[in-house]
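Asks: Listed in order, the protein sequences are those of chains A and B.
The first sequence begins at 1 in this note's numbering and counts up by one.
The second sequence begins at 1001 in this note's numbering and counts up by one.
Calculated pairs, DMTMM-like style, for lysine to aspartate or glutamate (alpha carbon to alpha carbon, straight line, at most 25 Å):
id : chain 1 : residue 1 : chain 2 : residue 2
1  : B       : Lys1250   : A       : Glu6
2  : B       : Lys1138   : B       : Glu1085
3  : A       : Lys17     : B       : Asp1224
4  : B       : Lys1242   : A       : Asp9
5  : B       : Lys1256   : A       : Asp9
6  : B       : Lys1147   : B       : Asp1072
7  : B       : Lys1036   : B       : Glu1179
8  : B       : Lys1209   : A       : Asp9
To give a feel for the contact side, a few chain A residues facing chain B, derived at Cβ under 8 Å:
id : residue
9  : Ile2
10 : Ile4
11 : Leu7
12 : Glu8
13 : Arg10
14 : Trp11
15 : Lys13
16 : Lys17
Please keep in mind that the hints were generated in silico from the structure rather than gathered at the bench.
Cβ coordinates follow ideal geometry from the N, Cα and C atoms, glycine included.
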Amino acid sequence: MININELEDRWLKYKIKSYIPYIVILLSIAIIITIFTLFNSKSVIDKTTVAEIHKENTPEIQVQNVVIEPIKDIPNIEIKKESIAIPNLEKTTQRVIQNQPIQEKNMNYTVPIYNPNKKTMLAPSLDFMSKLQDNTLPYFDNEREVTVNKPNQEKSVQKNTQHTTAQKKQKVQIEPIKKQSSIQIDRQNTHDDINQVIKRFKKNNNPALSLFIAKKYYQLGEYHQSYNYSLMTNEINNDIEASWIIFAKSLVKLNEKSMAVETLNKYIAHSSSNRAKILLDEINSGKFK
Amino acid sequence: MKSSIFRNSRDVFLDIVNAKDYIQLDRVSTIYQSLKNSVKKPLKMILLYGKPGTGKSMFLTKLYHDLSATQDVYMYKTPILDESEFYKTLAQDLYKIKYRGELNFTQFMKVVEEHDVGEVPLVLLDEAQLYSNPLMEKIRLLSDTRKVKFVITLHKTGKEDLIAKEHFQTRIWESIELENASSIELKIYIQKKLMKANCFDSANMFNAKSVNLIYKLTNGNYRDSNKLLYTLFDIYTHYEDKGDSSKMNKNSVSNKIIEMAALHTGLIHD
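Make the full structure from the sequences, and use the hints.
Replies: Below, the structure is given as structure tokens:
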């Protein structure tokens, strides 16, 4: 005698059991696809991060076009936050530069009067040459004011800031009476920036980064740190002159003059660096303390 | 569809060996004809072997049914395991001699030699794998006298292969192997069997899909298929009795009910 209800229950169990392998396979496929998708998205994020880092490393010059019109009441022209990405330095610089009014140039145009009875001979005019010279120079000067220093000149960015601004003042402030436009460039020398560079240095061990850190610390008067980072730079690459200079300077600042002299002597013997010789002379003569 | 159709269809698949229920399939008919021809030949012994449920007993029954009208055929469906009893039964059936006491092989051989009836009697032994080895050896010696012809059926297993090898290798002139049905043969088998019992509606319920599932479950074995189909129609009968027509699709056999029948018969397990 067949117990239909029991048989139906058994059949239901059998059916569920028979579907288990398919469910397991489907779940496995779903898990594999999910993992694959996650992995892919992660790699895409990594790629974008790398691209961003690359972007950070590449020199980026953002210049805002300033239209200066020869109107009497010249409005204040302000270049807001001119971010200057220095390769290997990641430095954002902001400066405030007074923009000088541009004088109207006296342009003499000769307008020939038409006389039908008079025969005129046409000759090529070379006035444009002089005009070219007149016009290009101020433009070039302005351009240079905004243009960022090259990567290898980071030192001059640090040290000669005032000097260059002074020069610019000489060039740009032709008429300091009319202070109608200004260019602002601010510089940030914060520890956050250094920390960011330290992080990057820990990742890629780039001696350029450690040298930058050493220089920054030196500028900030943290000679222990500048000593450490210049030492690290020398360990990575012992042919970087600037690193040896900072190393020696840091030693002098840390009252280790004899060690600085010894180091410089060894380096000069190794590389015959002129800068190192000059520094050695300065240390020995007491000019550099 | 009449209410009794499922009950009738169910009874068609009762596991009873009856020559009238023999279903002619192309391949099976060819084999049967071959067997009939072999019987007419002066062979000492014919071996019919195959896996259980491939129709050996049905073949033997059909052969007995067909030949009994024209010649002396004696069929023993159940093996006579006692040796003396075996000889006494043969002596009584073949030569109409009744022995009350023990009859040993030597005495029986003497009886066989003495009785020359002209036409060689045909002895059909089903389930011969159950006979002991010494008795099988004596059956071989009996067939060597050419006074008795044997048709024996054996299950094809490792042990039976060994028996065939040891006792019949040199003597069997004809050996016929029976196999399970193919999917197409199974469909014809089911439909012919149902149509033979005038269950045409039930026969039409079996399409290729449902027969394939049955074939998958039974591997084309006739005995297993009969058991499954009996249970299948039993389930239908139950639903019919309960008046649960929602679970009965009368146009085709439901896979669910096939699987339920397979669960009940032990072909699959939950």
